[in-house]
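Let chain W serve as the given structure and place chain F on it in line with the hints.
Which chain is which? The protein sequence lines are W and F, in order. The letter at position 67 of the first sequence is residue 67 when you use my numbering, and the numbering goes up by one with no holes. The letter at position 64 of the second sequence is residue 64 when you use my numbering, and the numbering goes up by one with no holes.
It is possible that some hints are incorrect.
[What the hints assert, rightly or not] One side only, chain W facing chain F, incomplete, derived with CB under 10 Å: (1) Ser6; (2) Leu13; (3) Ala16; (4) Val19; (5) Val20; (6) Val24; (7) Glu26; (8) Leu51; (9) Pro54; (10) Tyr72; (11) Leu74; (12) Phe83; (13) Arg108; (14) Leu115; (15) Leu122.
[To be verified] Quick list of the computed label-pair ranges, beta carbon to beta carbon: (16) W:Ala107 <-> F:Ser33: 45 to 55 Å; (17) W:Phe104 <-> F:Ala31: 38 to 48 Å; (18) F:Gln96 <-> W:Ile111: 34 to 44 Å.
It is worth saying that the hints were derived from the structure and are not from the lab. Here a beta-carbon is modelled for each residue, glycine too, at the ideal position from N, C-alpha and C.
Here's the letter readout for the chains.
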Amino acid sequence: MQVRPSGFGNPWLQLALSVVCVLVSELLLKRGATDTADLESAWSWTGINGLASPLVWWAIILIIASFISWLYVLRYIPLTIAFPLSRVVDILVPLSCWFFLGEFISARRWIGIGLVVIGLALVAKPIAGIEERL
Amino acid sequence: MTFLSFFFIVTSLLSFVVAQLILKRVMVSVAESGFHNLRFISSVAVGIFLMTISFFLTLGLLQRFDLSYLYPFQGLSVIIITLMAAVMLKERLTLQLTIGALLISAGIVLVSLS
Numbered sequence: 001m002q003v004r005p006s007g008f009g010n011p012w013l014q015l016a017l018s019v020v021c022v023l024v025s026e027l028l029l030k031r032g033a034t035d036t037a038d039l040e041s042a043w044s045w046t047g048i049n050g051l052a053s054p055l056v057w058w059a060i061i062l063i064i065a066s067f068i069s070w071l072y073v074l075r076y077i078p079l080t081i082a083f084p085l086s087r088v089v090d091i092l093v094p095l096s097c098w099f100f101l102g103e104f105i106s107a108r109r110w111i112g113i114g115l116v117v118i119g120l121a122l123v124a125k126p127i128a129g130i131e132e133r134l
Numbered sequence: 001m002t003f004l005s006f007f008f009i010v011t012s013l014l015s016f017v018v019a020q021l022i023l024k025r026v027m028v029s030v031a032e033s034g035f036h037n038l039r040f041i042s043s044v045a046v047g048i049f050l051m052t053i054s055f056f057l058t059l060g061l062l063q064r065f066d067l068s069y070l071y072p073f074q075g076l077s078v079i080i081i082t083l084m085a086a087v088m089l090k091e092r093l094t095l096q097l098t099i100g101a102l103l104i105s106a107g108i109v110l111v112s113l114s
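Next comes chain F alone, as it looks inside the complex:
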């Protein structure tokens, strides 16, 4: 794996993680305080924009690597998103959830290493 492919994999991962946090935040606010058009549309637009970047980078990477090798890098997103959701969105995080998320991430990384 070259530095360039590593860079694109990380960029794709990070834009995906941030998009998820933004989307969760906006959907929580919809559930709690109803539908605010402008804020909803702008937040979802930012989320979609970030996911689109992630999507096209993934497509470029797919032309170079096996899907079963490449795709599981997103597995790291499990532990990253779980921790970020607890810190930034103040979701309740139990020990069991953390261990579960860690195992999922570790498993996905193992799959991607072979």
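For reference, chain W alone in the conformation it holds in the complex:
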């Protein structure tokens, strides 16, 4: 195993950065997609008309940023750990939809969010051991 950089190069920090970029980009995409929705056109299944929204372009910039961070993360952290952890975004997204976009979260969704949190804790627990091995 190679030496793992610290500071800004810390792969765990980059993982967090990647998650935040994805979260914000998803919210921007939903706003942009809603603004440009044209359900009559068959082409709209490709989503290409979403490019008319500037919000979608901001989202694309964030996605590229998250992608670069993610490639960096992949260099240092096994996919079996990095990927499940990156899905913390899957509960942050519904929570933000509820908070920022006013979407509704049912009881079943809250239970689902709870399960994800437990799963994340299970995946995150062996990290201490991995850090020692590195």
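Quick look at chain F alone, frame taken from chain W:
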């Protein structure tokens, strides 16, 4: 949900999963044996191409469904990618990791069903 929307959701999911496996493989080889220009660029290009397909399909789906309903389908990718990484990339998979990944996937599916 129509058959068409289901088809696009699955296609988007699969192209995303394959892209992740390709990217992880190329980054591991960079870490282990250094930077090989041609192989690196072509693998990353394939990964980006697959993620782009996934991206635009998602955008098309977002015009039809709530984000909080649609997005969590990607949650299935957690258990799929975890298992595939163990099988195809020979990563070590503990019981705890598997259960954790399963719970995350189950939770995300629950979120998407409601």
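Hint by hint, here is what the structure shows:
no., hint, result
1, Ser6, "violated (17 Å)"
2, Leu13, "violated (17 Å)"
3, Ala16, "violated (17 Å)"
4, Val19, "violated (13 Å)"
5, Val20, "violated (16 Å)"
6, Val24, "violated (13 Å)"
7, Glu26, "holds (6 Å)"
8, Leu51, "holds (9 Å)"
9, Pro54, "violated (14 Å)"
10, Tyr72, "holds (8 Å)"
11, Leu74, "holds (4 Å)"
12, Phe83, "holds (5 Å)"
13, Arg108, "holds (4 Å)"
14, Leu115, "holds (3 Å)"
15, Leu122, "holds (3 Å)"
16, W:Ala107 <-> F:Ser33: 45 to 55 Å, "holds (51 Å)"
17, W:Phe104 <-> F:Ala31: 38 to 48 Å, "holds (44 Å)"
18, F:Gln96 <-> W:Ile111: 34 to 44 Å, "violated (22 Å)"
Against the hints set out earlier in the document, violations occur for numbers 1, 2, 3, 4, 5, 6, 9 and 18.
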